[in-house]
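The residues making up each chain are set out below.
There are 4 protein chains.
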Amino acid sequence: MIKVALCGVGYWGRNLLRVLSSNPGIQLAAIVDTRLEVRERLAQSFPSAAIYEDASSVILDPNIDAMVIATPVSSHYSLAKAGLDAGKHVMIEKPMCGSSEEAEDLVARAKAYGLTLMVDHTFLFHPAVRKLRDLVASGTLGHISYFDSQRVNLGLFQPDVNVLWDLAPHDLSILDYRFAAEPVSVEASGYCHVNDKSPDIAYITLHYENSMVAHLNLSWMSPVKMRRIALGGSKQMAVWDDLNRDEPVKIYDSGITIHSNQDREINLPNYRIGAVTSPRISGPEPLTEVVEHLRRSILGQERCQTDGDFGLRIVRTLERAQSALECSLQQVACSKRNTFNIIAAE
Amino acid sequence: MIKVALCGVGYWGRNLLRVLSSNPGIQLAAIVDTRLEVRERLAQSFPSAAIYEDASSVILDPNIDAMVIATPVSSHYSLAKAGLDAGKHVMIEKPMCGSSEEAEDLVARAKAYGLTLMVDHTFLFHPAVRKLRDLVASGTLGHISYFDSQRVNLGLFQPDVNVLWDLAPHDLSILDYRFAAEPVSVEASGYCHVNDKSPDIAYITLHYENSMVAHLNLSWMSPVKMRRIALGGSKQMAVWDDLNRDEPVKIYDSGITIHSNQDREINLPNYRIGAVTSPRISGPEPLTEVVEHLRRSILGQERCQTDGDFGLRIVRTLERAQSALECSLQQVACSKRNTFNIIAAE
Amino acid sequence: MIKVALCGVGYWGRNLLRVLSSNPGIQLAAIVDTRLEVRERLAQSFPSAAIYEDASSVILDPNIDAMVIATPVSSHYSLAKAGLDAGKHVMIEKPMCGSSEEAEDLVARAKAYGLTLMVDHTFLFHPAVRKLRDLVASGTLGHISYFDSQRVNLGLFQPDVNVLWDLAPHDLSILDYRFAAEPVSVEASGYCHVNDKSPDIAYITLHYENSMVAHLNLSWMSPVKMRRIALGGSKQMAVWDDLNRDEPVKIYDSGITIHSNQDREINLPNYRIGAVTSPRISGPEPLTEVVEHLRRSILGQERCQTDGDFGLRIVRTLERAQSALECSLQQVACSKRNTFNIIAAE
Amino acid sequence: MIKVALCGVGYWGRNLLRVLSSNPGIQLAAIVDTRLEVRERLAQSFPSAAIYEDASSVILDPNIDAMVIATPVSSHYSLAKAGLDAGKHVMIEKPMCGSSEEAEDLVARAKAYGLTLMVDHTFLFHPAVRKLRDLVASGTLGHISYFDSQRVNLGLFQPDVNVLWDLAPHDLSILDYRFAAEPVSVEASGYCHVNDKSPDIAYITLHYENSMVAHLNLSWMSPVKMRRIALGGSKQMAVWDDLNRDEPVKIYDSGITIHSNQDREINLPNYRIGAVTSPRISGPEPLTEVVEHLRRSILGQERCQTDGDFGLRIVRTLERAQSALECSLQQVACSKRNTFNIIAAE
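Going line by line, the protein sequences match chains S, F, D and P. Terminal number for the first sequence in the UniProt record's numbering: 346, no gaps in between. Terminal number for the second sequence in the UniProt record's numbering: 346, no gaps in between. Terminal number for the third sequence in the UniProt record's numbering: 346, no gaps in between. Terminal number for the fourth sequence in the UniProt record's numbering: 346, no gaps in between.
To give an idea of the chain P side of the interface with chain F (calculated C-beta under 10 Å), a few residues:
id, residue
1, 224
2, 225
3, 243
4, 245
5, 246
Only part of the chain D face toward chain S is listed, based on derived beta-carbon distances under 10 Å:
id, residue
6, 224
7, 225
8, 243
9, 245
10, 246
These are calculated hints, taken from the structure and not from any lab test. Heads up, the beta-carbon is just placed ideally off N, CA and C, and yes, glycines get one too.
With the hints as constraints, model all of the structure from the sequences given.
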């Protein structure tokens, strides 16, 4: 029975609370939240758990085996570091940290102490993502030439992260999980409508070694919610539409065969358009799988799939995208100033 | 009765043939096509029209009032120039020319000669585009903060243009038509899967003076066809899905109100989610309107909406996007080489 | 604080448990379930409620003000009668009883005792149903000429009711709620695939006084789930698709105007096809509203909308449909026998 | 080269005109239409065809090999009889005749004379219908337990037929084509909104020998067009949605296995929910196939699939449905009168 403390019972923390408390191999030993009214409610519903205002109480409690950190991103590093230093296994919500420097430090500590450091990339435990992975791994789709994601909706604006850090980790975790390589180059553009320095729309293009291009269209400003990933392969193509209740994943037996043409300068493609198949997608709730995987990783029964190194790679790519995005925003601002100056001078 | 010659009876030329021949104010006086079997068929179906192998016959024919040019892009300039020099009005398929230099020269000639020079941007005569324009012009949507277009399908690869020149003119014409300004800055990325030098996927970001950002996702490699434009306004938002037969245009009474917050560092948005309305979209075939507009422009009854200056602006923006795209492709190639060298050196 | 006992914690009972226990004006005083393991779980989660194996304990408990009956249909009558006789208010799951005779008896007792007798037709508290009612009541749709419902899915087969008694109450409650009249005539056909005597597909046609026809297509055998009601009005038409997450209710500004034609034998209709509007549908969970309405009805603060008379009318219509259905099944069986005899005789 | 005369150039006749004139083995020798302005236009476009006001001219013309009759239903019989008597092959639009008596007479004459008598049930040449047939014939779906069709839209009201005779032939032809048997029993209900005696909404239930039930929901009063057929099989189920451009046919690997249960009174079904496959549906225009099949049937190269016997069976089932529908309408009218009398008497 692993004794776990949950730090933070916000939007996602509530889900962790439910799932942690129903895993038979886990004892929810402590819950931390800064809000008094939340703590009072927790005390009623979870009489056997210690309820704390401050995570330091968890750090000091020698009974706690593991900490699950679901607080704002800015506090991830200090909490996780304190937990690891106190000999506790740690799971952190995604994104792992606000910088790769912090993430690297956590990875080093966990390795030095021989502790489990996991990042909760729940998406990878989603049955549709597992299906996409199997389709790629089995060669069913052939060589993957593009990954195209549209992840747009109205809100929720978050005060401590921009749209890139909020939405891109989903796609980047799938890309890393599947293609096991960091991008060779990262391009970005976007716009800040609500807050000057914080993009609420971002377009990211990632180029990979093996002739694959990935594009993410991320927005907090769209009236229609879309959660759609298209994977183009040389043999088949697949689309996952997370809002399609009945047929979330579709596999298109369509493709392009390229004929190199010695007589002419250009290659001409042949199109093949075939059947569409929608496999049955079902399975347990992804977060249930995450928590069970955490338990087994701590017990050494499974190799942690989304360990610190994994979380670090995602943060590193986010940093590269953020840097490209800032560069683009500055150039655009500069162009606008120049345009203004030209107009003013005329 | 205006006497018109049609040059080129390819994919789009066939539609022009049908529409030109059924406009009661137009006499289809001549048809040009390089293919013998096409000319034989035309001779049977259009006994009253002259059928030529070469456009020079049209240039020399003093009876022809106007030329409609539906040949490959590379021939647009020379044909149009010859037509204008011979005193004929000219309509050219989009994109107008392969370079802005050529387009500028045609504009200058048409102005000098007092002839009508029109570019066939059929899209602008589509009832859904007119609806979108009305929604923006009337202020119904409020200030437009973004334009997001997805224009993807499988093929048709075209030998003389890449995906940018093939698909972007649709969006650029709507943007110009509506927002009456060229972009302040143009960013692009993409990929060449089938032919080394010719992108078949392109992502374009355009920034406009008035805090608007436009993004185009263009692809010849998608198994699912999508033709979708989203317009985000401060009051309402609109989406045109050209493949939605029943409700192509939807207006979302949803939006974001931004509260500047003196006490805090960040602005917090308020979301409003309301009804969705799908206005009835109907009207004559857009190309019929194009041809009638050409006729009236020639007769001086209407001011040409898609004149040479219009077509030139589109070409100029295409050139800027092409230049940004090439720059991106080179940088990526360079990054890949470096990555390879690093690996090789290790 | 009204003291309520819940009898039966099956599929729907679980929802009632959650909602009853979170209504601040209700004290969940007792819970009844025949299964030991269920009772053990309930004892843990609801330490302040009495947990009984048998509803008779509730009947005998003078502290209980009201009983909520969520047991199989066959037990509704005897439980409700005992409850009323013991002076308790009663809410019964739909369908109210297995026969109108039973339902009439309950209505008479509740009236005699001055107790609240309510039937849980949750559907009527659904915000989409309320929207439809408002559209009809306000005259927006004009005179309603038809009601067309498709309510099909794969299972769940229920041992104690057939597809008619399982699915039709939803539609019948909306029809009664809205049109406040019992049908003049009821026709039915159907089929028994799985069990000889128990239809799993049923087609019901109901004719109403005011030139309205209603048709229900009910099935437990469809691979695709559909929950769709269309309402045809003389001015506008409305469709509620319960599975359309984004736009569940659509109002079509389309209609038919009938021109009586003295010169000709037939009337010719004029079609009008206009915009489609999808109003925002939102509101509290319907069952929460049901339970609050029960509480207020018991306290005399509201007139019970789905009282015993209401439930009785639904049962009466179900009986008429059942009778028509049995008649149709017998005639078909007879036709088949005759066909067989003819073939055998030949 | 078969010399064909087309009688009637209305809505469907225009399509026949286009297809007949482009079949290389057919010479469109004559065209008949009662309207002067139509004949004038035809004379221009089809200079090599004789243009007649009256079909009697065709009957008298010994050069004509075959007549294609696309006139109103009421004239089908007399025209076809005259054609057959004059030794001409005949193809009639569906429904074949207004009564089975007429249809039987035509069948007898065609057999006596050894002439081809074909009914244009174009639907059966639709690639989606052929796919459904193959799925049934190959046993892929298993035993078919139900056929459920929804064929609703707004108009077109037709003066000489009601909604049953207009829309049901599509479904009945598929049912006959596929299941090769007439129904054992036919039930019907409906409503007459626009014209007293002519139903514009009809619900038809057909029972077949082999435990299959078919249901048709036919309407001219629906704001939303639907063209959807569901086929339930013991192994798999299939749905054809004619308005789904991308995936018209879907095959659901879902089903119900019935376990007979000796210990209990009822059978319990097991549900299986699997993948969905949408085969590629493509092929030539169905009407092109119809015309070519007519030509080959006349030449004796193919056995006519939709011959007079086929058309007769469809008419016979329409008559049975019409009779059931009239019976239902009378009973409802009677119930309403009685209700009125009861109310009046009170």
